[in-house]
Structure formats: C-alpha cells, structure tokens
Amino acid sequence: MSVTPYIVLSAILFTIGCVGVLTRRNAIVVFMCVELMLNASNLALVAFARQHGDLDGQIAAFFVMVVAAAEVVVGLAIIMTIFRTRRSASVDDASLLKY
Amino acid sequence: MYALSEGAIPVVDPTAADGVFSLLWLVIALPLAGAAILLIGGRYTDKWGHYLATLLPIGSFVISLVLFISLLGREDGDRQVSQHLYDWIQVGHLDVGADLLYDPLSSLFLLLITGVGSLIHVYSIGYMAHDPRRRRFFGYLNLFVAAMLTLVLAENYLGLFLGWEGVGLASYLLIGFWQHKPSAAAAAKKAFVINRVGDIGMSLAIMLFFITFGSTSFTVISHAAGGATDTTMTILGLLLLLGACGKSAQFPLQAWLLDAMEGPTPVSALIHAATMVTAGVYLIVRSNFVFDLAPHAQTAVVVVAVITLLYGAIIGCAKDDIKKVLAGSTMSQIGYMMLAAGLGPAGYAFAIFHLLTHGFFKANMFLGAGSVMHGMNDDVDMRHYGGLRKLMPVTFLTFTMGYLAIIGFPGFSGFWSKDKIIETALADNWIVGLCALLGAGITGFYMTRLMLMTFFTEKRWEKGVHPHESPSVMTVPLMVLAALSLLGGLFLLNDFIQEFLAPVVGAVPHEDPPIPALGVTLLAVVVVAVGVAAAWFLIGKRDVPRTAPQDVSFVTRAGREELYGNQVNDVLVVNPSRRLTTGILAVDKYAVDGTLTGGPVAIGAVAMVARRVQNGYVRSYALSLLVGGLIVVLALLAVNLA
Amino acid sequence: MTVFWILAPIMTIAALGILFVRKAVHAALLLAVVMISLAVLYAALDAPFLFAVQIIVYTGAILMLFLFVLMLVGVDASDSVVETIRGQRLLAIVGGLALGLVLVIGLGQISMGTAVGLDDANAGGNIQALANILFSRYVFAFETTSALLITAAVGAMVLAHRERLTPKPRQPELAAQRVRDYAEKGTHLGPLPAPGVYARHNAVDTPALLPDGSPAPDSVSRVLAARGVIRSAPEQADHIEAVQRSLEGHREEESL
Numbered sequence: 152m153s154v155t156p157y158i159v160l161s162a163i164l165f166t167i168g169c170v171g172v173l174t175r176r177n178a179i180v181v182f183m184c185v186e187l188m189l190n191a192s193n194l195a196l197v198a199f200a201r202q203h204g205d206l207d208g209q210i211a212a213f214f215v216m217v218v219a220a221a222e223v224v225v226g227l228a229i230i231m232t233i234f235r236t237r238r239s240a241s242v243d244d245a246s247l248l249k250y
Numbered sequence: 006m007y008a009l010s011e012g013a014i015p016v017v018d019p020t021a022a023d024g025v026f027s028l029l030w031l032v033i034a035l036p037l038a039g040a041a042i043l044l045i046g047g048r049y050t051d052k053w054g055h056y057l058a059t060l061l062p063i064g065s066f067v068i069s070l071v072l073f074i075s076l077l078g079r080e081d082g083d084r085q086v087s088q089h090l091y092d093w094i095q096v097g098h099l100d101v102g103a104d105l106l107y108d109p110l111s112s113l114f115l116l117l118i119t120g121v122g123s124l125i126h127v128y129s130i131g132y133m134a135h136d137p138r139r140r141r142f143f144g145y146l147n148l149f150v151a152a153m154l155t156l157v158l159a160e161n162y163l164g165l166f167l168g169w170e171g172v173g174l175a176s177y178l179l180i181g182f183w184q185h186k187p188s189a190a191a192a193a194k195k196a197f198v199i200n201r202v203g204d205i206g207m208s209l210a211i212m213l214f215f216i217t218f219g220s221t222s223f224t225v226i227s228h229a230a231g232g233a234t235d236t237t238m239t240i241l242g243l244l245l246l247l248g249a250c251g252k253s254a255q256f257p258l259q260a261w262l263l264d265a266m267e268g269p270t271p272v273s274a275l276i277h278a279a280t281m282v283t284a285g286v287y288l289i290v291r292s293n294f295v296f297d298l299a300p301h302a303q304t305a306v307v308v309v310a311v312i313t314l315l316y317g318a319i320i321g322c323a324k325d326d327i328k329k330v331l332a333g334s335t336m337s338q339i340g341y342m343m344l345a346a347g348l349g350p351a352g353y354a355f356a357i358f359h360l361l362t363h364g365f366f367k368a369n370m371f372l373g374a375g376s377v378m379h380g381m382n383d384d385v386d387m388r389h390y391g392g393l394r395k396l397m398p399v400t401f402l403t404f405t406m407g408y409l410a411i412i413g414f415p416g417f418s419g420f421w422s423k424d425k426i427i428e429t430a431l432a433d434n435w436i437v438g439l440c441a442l443l444g445a446g447i448t449g450f451y452m453t454r455l456m457l458m459t460f461f462t463e464k465r466w467e468k469g470v471h472p473h474e475s476p477s478v479m480t481v482p483l484m485v486l487a488a489l490s491l492l493g494g495l496f497l498l499n500d501f502i503q504e505f506l507a508p509v510v511g512a513v514p515h516e517d518p519p520i521p522a523l524g525v526t527l528l529a530v531v532v533v534a535v536g537v538a539a540a541w542f543l544i545g546k547r548d549v550p551r552t553a554p555q556d557v558s559f560v561t562r563a564g565r566e567e568l569y570g571n572q573v574n575d576v577l578v579v580n581p582s583r584r585l586t587t588g589i590l591a592v593d594k595y596a597v598d599g600t601l602t603g604g605p606v607a608i609g610a611v612a613m614v615a616r617r618v619q620n621g622y623v624r625s626y627a628l629s630l631l632v633g634g635l636i637v638v639l640a641l642l643a644v645n646l647a
Numbered sequence: 030m031t032v033f034w035i036l037a038p039i040m041t042i043a044a045l046g047i048l049f050v051r052k053a054v055h056a057a058l059l060l061a062v063v064m065i066s067l068a069v070l071y072a073a074l075d076a077p078f079l080f081a082v083q084i085i086v087y088t089g090a091i092l093m094l095f096l097f098v099l100m101l102v103g104v105d106a107s108d109s110v111v112e113t114i115r116g117q118r119l120l121a122i123v124g125g126l127a128l129g130l131v132l133v134i135g136l137g138q139i140s141m142g143t144a145v146g147l148d149d150a151n152a153g154g155n156i157q158a159l160a161n162i163l164f165s166r167y168v169f170a171f172e173t174t175s176a177l178l179i180t181a182a183v184g185a186m187v188l189a190h191r192e193r194l195t196p197k198p199r200q201p202e203l204a205a206q207r208v209r210d211y212a213e214k215g216t217h218l219g220p221l222p223a224p225g226v227y228a229r230h231n232a233v234d235t236p237a238l239l240p241d242g243s244p245a246p247d248s249v250s251r252v253l254a255a256r257g258v259i260r261s262a263p264e265q266a267d268h269i270e271a272v273q274r275s276l277e278g279h280r281e282e283e284s285l
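Residue numbers (my numbering), protein chains in the order written: chain A, 152 to 250; chain B, 6 to 647; chain C, 30 to 285.
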C-alpha cells in the first residue's frame, strides 16, 4: 500500500487552507483555515510515519496538536479582545498599523 | 648740502634712537591711549573725554616739534633715526620688527598730522558739542590720528600697512558716524570697499617685496632695490600705485571721496587735509627707491594724477554742495601731489611741499565750511547761502585766506607749492604741464564760484535760518590755519624743503626749464586770473537760482554726476558682481543644495510609493508569504530537477 | 484504501465548502467533518492514539472552543463576499492553484515505493510504543509543552480579563450624581409623576394632567408609548359626565 494518495490529499487540504486564509475575512474562519492547514500537515506526518515504519512522525503530529491547542486558546482570546473593543471580527478592520 | 651725488637713489640707513628720539613711540602711543580710554571707558568718560582726546594729540604735537628741532640740529647725513620697539612677527624667514623710522619725511608728516589734527580736535569740541555720541567721536578721531602716525612712522611696509588699515577702519567709523542716516552708512561702506581694492594692491606689493627681497623693511629694500629686475620693480610700482589710488581717491578708485562727505565736517577736514588721502602720496614718496627704478610705473602715476587732477576740478565746478566742491578740489589737489611724486626726484619734495600747504589751507576751508554749515542749520547747498561775509566775519576772512592759497594767489602758500609743481611738470613733459596749468585755471573758477555763492551775492537763505558766527573754540583753529595758509610758503625759503628732504628722496636735479621759471609763474597767475574772472562774470554778475537749473550743458550735467564715475563702477563692477553673486547663490541653491537634497528626496519619493506595500492588511502580508514560499519551493525544485 | 477513497472526496468537498460558505458556523461544521474524517484516516494509517486524540482534542475541544467564540461574537454574523483589497482574491486563487499544482506535480514525480508499515513499531501496542519514544527521546520537548500550555492559559486569561478602572458607584455616590445632574442639566430629581388613574380601567396608559390641562409625558411608561396604546386624558374627560352619573346612580343606590 502506497501512502502517496494520503500525501496528495494532504497537499490539497493544505492548499485549500492556504487560499482560505488569503480570501476569508472573518477572523474565526481564517483561524479555522489555519487549523485546516495544520491538520493537513499532520496527515502528511502520520502518512510518512507509516511509509518509514517509524513512530517519530506520529510524535510530531502529537506535538503539532498540542501547539495548535495552545495557539487556538491564545488566538481566540485575541479575537475576543479585538471584537470586544471594535465590535468586529474582520481581519481587514485591524489595519491601522501601516504606512 | 647733503653729500649725495645728483641722480643717485638714497638709501634708508638709520641710526638707533637715543636721547630725545627715544620718545618717538610716545607720538603714537598718546592718541592710541586716548582712543583706548574713550572707547573702553564708556560713559564714565563722557564728561571729560573730549578734553583728554584733544590734549593727547597736542602732546604728540609738542613731542613732534621737539623731535623736529632736534632733527634740524643734526647733520644732514645723520637725520634718519630708527627705534626698535619689539619683535613683532618672527616666522621662518619672515622677521618683522615693530620698528619706527624717523627721518625728514616722517618729521614733516608728524608735524602736519599732529598739528592740523590737534586743531581739528579743538574745533570739534565746539562743532560736536551737542552730539550725544561725542565721546565716541573723539575716540575715533584719536584712533584715526594714531593710525596715521603709525603709517608714517613705520620702518617697514607691514607696519605701514597696519597704519594703512587702521586709517581705513577709522575712516569707515567716522564717515559712517551718523549711522542713523542710510546715506552715511552707505558712504562708509563704499569707502571701505573701495579702499579694500587698493589694499589688495598694497598687500600684493608687500608679498612681492618679501619674495623678492626677503624683507619688508625700508632699510633692507632700499639697499637691495638695485638688484631686482626692471619687471619686478615695475610690477611693484604699479601695485603700490593701486594702493595709493585707493587711499588717495585717485582715478579710477575716486568714487568714495565725495560720498565720504556724509561724515561730520571735522572728519572731512581730517580725512582730506591732514591724514588719510595724503597716505597715498606718502607711500609713493616713501617708496622712491622703487619708483626711481621703475620709469613705467612713474609714467602710470603721472597719467593717473593728471586724469584725477582734471576730474576733481570738473566735479568741483558742477557741484552745489559746499563740501562736495571741496572734496572735488581735494581730489584735484591730491592729483597735483601725485603728479609731482610721479615726476621722480625732481618732484618728490614739491609733492610733500604741496601736501603740507594743502593740509593747511584745505583743513582751513573744510573747517570754515563746517562753520558756515553750523550757522546755516547744517544746510550744505550753496544755492541757499549768499551774503554771509557780514554775518560771519571771522569765518569769511579765514576762508578767504584758504581760498587765496588754493587758487595760488601770489604770496600765499598754495602759490609757491603749486607753481613749483607746474614748473617741474612743464620741464618734464609739456602736455602734462599744460594739463596742470589748465587744472589751476579750473581751480580758480570753482573756488571763486564757491566764494561768491557763499559769502557774496544776495541772500538766498531758507526760512528760519539765522546765520551767526561760530564760537571761538571753532574760530581760533580757523585763524591758526589761516595764518598757516598764508605763511606755508616759508618752507620754500632758501630751498629748505628740497634740501631737508634730500636724504630721503634724493636731491632735486637742476634742469633748465623750457620756459624761464618766472615766465611759468606769470603764466600760472594769468591762467588762474582767467578762471577767477570767468567765475566773476558767470556767477557774480548774475542771479544765482535757488534750485539748480536743469537746462545745462552736457559737461555740467556730467560734473554733477561726478563724471559718471559711479555709473561706470555700477556697470563695470557692482552689477556684474551682483549678478555673479545671484548666480552663485542660484547655483548653490539649485545645483549644490539640489544635489544634496535631491538624493534623499528621490529616495523619499520612492519610499512614498514603496510604503504602499505596507497596507496594514494581514491577508496581503500572508499573500506575500505564500508567493515567497512558492518561489522558494520552485527554486528548490528547479535546482533538484536540473 | 477503501476508507481513503470514500473519505478523500468528502474531505476535499468539505474543505472547499469552508472557502465558500458565508456563515462561520457552517464553516465550523464543515471543519468538523474534515477533522473527524482525518481521525478515521489516522486510524487507517495505524495511528490509533492520534485517532483518539484527534477526536478528543481537535473535534472535541478546539472546535468546541471555536463554536463557543462564534456564539459570543454573534452566530448570525456572516461574511461579506465583496473583496476589499484590490487583486487579493485573484492573486490568492492563482497563488493557491500554483502551490497546489507544484505540490501535486512534485509529489507525482516521486515514487516512494512500498510503505514499510507500522506493524513492527506497533508490535507492543501503539500507545506503549509512542509512550516509549515520547518519554525518552522527546521527554524534554514534552515537558516544554507544559510550559507552553500554561503560558497559553495565562495569556488567554490576561487577554480576557477586564480591569475595573474606577470604584463601583454605591448609593451615596448615585444620589449625589442625581442631585448634580439636576443642578447642571435640570434632570428631574424626584420620582416620575404617576399616570392619571381613573376608576373605570387600569389607567397606567393614561398620562397625568398637569395643572394647565396638558398631559405629562413622563407619567406613562415609554414601552406603552412605543406600543401606541396611550389614551388621552382629555378624551377620558369627555366621559366625565357618564362617570359622574354612574357615580351618582351608585350613591342613589346606596341611599336607597
């Protein structure tokens, strides 16, 4: 059994997440797309672990999940704070730091 | 008689000062101390400062007189005394001492400067009595006298230059003394700037002296002068002439003199009679060892002198301002002196002789003019004078003495001195001589015109003017100067002045003039008489209009415009320099500043465009991140697949 | 592989749906589909531990957090489809397609051969094997994640915390403020006027009359005014005779 289809699926999911980050404006949805990208990479890691018969890939995926959890906590708190002051969850509204 | 063979150029070879001559430095130090006390002491000296300032030049005069008598007591060949004060500048080969040189030439100048200067100080006590800045004025006067004394006592060109510049500074301060008047401020600036042109010649000459002879001392240079090439001497002579032209208001640097009349009248007297303008003549006579070896430079001196002589005389004829007429006359008379100085050993003595007599009668007339102005509420327009002889008898009489002296009325001092110059000029070159004669005639005309318009003819006074005689503190100096104007010719008695100056300037060669001396004298008197008569018929017999008529001949109009000297300066020098400055300013502003600021501005402009990339949208940044990552991936692929 | 071929299209469509749905809640639900599918794929890839963790942590915790925040922000909020940054959408799509093509084509060029498989590694049980590695080779990284998680928790609390800048106003301050408002702005100090009370009906909907006969607007509730059920007092006054009559009749009845 080849893992190539898994890797290709991972690439497709990553690309979709990427485009989502670039096109969606709702901060929460953007964040979801970031999670999608992380998950796509996790899939690749797990697939490669199987390809090489080595559990290090699964460990890496595990760490990615931990980091993602921490990231989500902080990121959502930031989104909440911004929403609380600006009454908006659009990433385009927070654009004062510019030229 | 001094044992110098005829035609030989005398050298400066002084002996060290001893006895009474060791007081020489005091002559300069006294007025200098006066200037320092008055200018540094400030208003604490307001009450008594002008008396001190008057006493100090008188003290100098007394010392000068003592020194002069002591000098007369010495042998002819022993009449050069030097005093070494201290080492002034010692750098490498340049060794300049603060040395003073006292010889017959300086001794006469000393008497003139301190004598006439003291009288002018006395006169100023009356003239400046009500000026709020009187103390300052007297401080400047003392500074002026001290600088002039430095000039004539210095033993080297650098010391002379120190006095030279000091005189320039003091004249600037005094001409612009009434600085609240824009015209006075402008006149002071003009005098200063034009003098700087002359000073360039002077300083170049000093540098050339140092390069050629390794020294600026008169003693060294006069000994070594024969060894230099003719070209060097000619260049030196021309440079010195340029310096002399600036200081003595000779053509083409004459423009400042008439404007300098903006200063208080005693200043005009001091500048025009005793001190500043004679410096040029002094310089040329002092540098006789240069000019005697540079015939071309001498010719240049004569040409300049003749032009100035007629130039000043013509201006004197056209002006209505009494002080400007006298200023024109000064130019003309200095021209006579320069003419004599340019004629070589034959004329040096007469140049100095005329300088002395001119110092007397011109100081007399300037102070007289000041007295008239004093009585006429400071009005200087002669067309507003008339008939003043009854009301100002002392001024009138003393002025007449000066008048008779300047036109060369037989017996008066000017007669002797001017006659000698014309005689010498005729003997040298008949064209020059005729020009000098013509100048004498014109002098007779304009001075008579001045006399008639001021003291004779009917009254043309402004309303509310009550002419009155000046106080005795002003008239006594006038009387002294009038007496000197009358008696100044005594110097010529028994050929005193020629022989007295011979150790410095060389003996006067005895030539047979083309016309006998008596004939020349007679001719001169006749020419002057014609001038006087012309003035009598043109002015004395007619009504003098209160305002200057405009329908006048071209010559008169040109004379009123000072023969367009200012316009020529404007066209040739002032406007081009102004345009040059504007141009340089523009180059500096647009080219230099533009280059310097252009770079940053260009970078700033690029940045203004480039900063648009920083639009604040996090999604844009993410996009560039994606594109960058894509490029990296593509590059890696390209490298790996290649 | 059957599982993969069933789930892969579902995951791709769900992921694409995240790009196109307008409501964030729908996006979250689509993401949940992708994540659960992923968990299944993990199981198919011999990673049972990650299968569990994926469901518990991602689908259970993280996604629930997303939904929680979505509820706080407003579940109705839907994205505008109008792109505000010029060229952003086009460039994003072009860049995304380019990235996808490069990745897919690049992966297609590589032949990875047959997978080794995890049968050996998972011989003693997947969780035991992972634990062996995690607490030996990766123990330092594992311990560091604890610091990361603590920091994240504290950070979230700090961000969510709102500082009270002024002391809470109490009754004396409130009373003083009311009197000050009356002095400065003329705000009515006392209780609002009572509405006009007529015996005929429950008349809180009728304004009281001021001494000049005009109604006092403050005397009726604003809610009633908004509903438009206010009765006019003068209108009521027209019926005063009937009222009096009924009152008199009532009295007569009493006297009788």
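In case anyone wonders, no lab produced these hints; they're calculated from the structure. Some hints here could point you the wrong way.
Claimed, not checked - If we take Cβ atoms under 7 Å as the criterion, some of the chain B residues that face chain A in the derived model are: (1) VAL573; (2) ASN574; (3) VAL576; (4) ARG616; (5) GLN619; (6) GLY621; (7) TYR622; (8) ARG624; (9) ALA627.
Claimed, not checked - To give an idea of the interface, some chain A residues facing chain B are shown, with a C-beta separation under 7 Å as derived from the structure: (10) VAL225; (11) ILE229; (12) ARG237; (13) VAL242; (14) ASP243; (15) SER246; (16) TYR250.
To be verified - Result set (EDC-like, lysine to aspartate or glutamate): computed pairs, CA atoms no more than 20 Å apart in a straight line: (17) C/LYS214 x C/GLU192; (18) B/LYS395 x B/GLU474; (19) C/LYS52 x C/ASP148; (20) C/LYS52 x A/ASP205; (21) C/LYS52 x A/ASP244; (22) B/LYS464 x B/ASP548.
Just so you know, even glycine gets a beta-carbon here, dropped at the ideal spot from N, CA and C.
B/GLY621 was flagged as interface toward chain A. Is the shortest Cβ-Cβ separation under 7 Å? Since the shortest Cβ distance to chain A is 3 Å, the answer is holds.
Under the criterion of a CB-CB separation shorter than 7 Å, is B/GLN619 in contact with chain A as hinted? Interface hint status for B/GLN619: holds (5 Å vs cutoff 7 Å).
Sort out whether C/GLU192 lies within 20 Å of C/LYS214, counting only the CA atoms. violated, 31 Å
For the hint on B/ARG616, just tell me whether its beta-carbon gets within less than 7 Å of chain A. Constraint on B/ARG616 satisfied, holds at 4 Å.
Given A/VAL242 was flagged as interface, is its beta-carbon under 7 Å from a beta-carbon of chain B? holds, 5 Å
Taking the closest Cβ pair, is A/VAL225 under 7 Å from chain B? violated, 16 Å
Next item in the hint list is A/SER246. Is there a CB on chain B closer than 7 Å to its CB? Hint holds; A/SER246 Cβ to chain B Cβ min 3 Å, cut 7 Å.
When the least beta-carbon distance from B/VAL576 to chain A is tested against 7 Å, hint result: Violated. Min distance 57 Å.
Interface hint outcome for B/TYR622 [beta carbon to chain A under 7 Å]: Holds. Min distance 5 Å.
Could you check if B/ALA627 really has its C-beta closer than 7 Å to a C-beta on chain A? Interface hint status for B/ALA627: holds (6 Å vs cutoff 7 Å).
Hint check: C/LYS52 vs C/ASP148, CA-CA at most 20 Å. Holds or violated? violated, 43 Å
Report holds or violated for the interface hint on B/VAL573, using the least CB-CB distance to chain A and a cut-off of 7 Å. This hint is violated: B/VAL573 lies away from chain A, its Cβ roughly 62 Å from the closest one there, beyond 7 Å.
Violation of the numbered hints given earlier is confined to hints 1, 2, 3, 10, 11, 12, 17, 19, 20; the remaining hints are satisfied by the structure.
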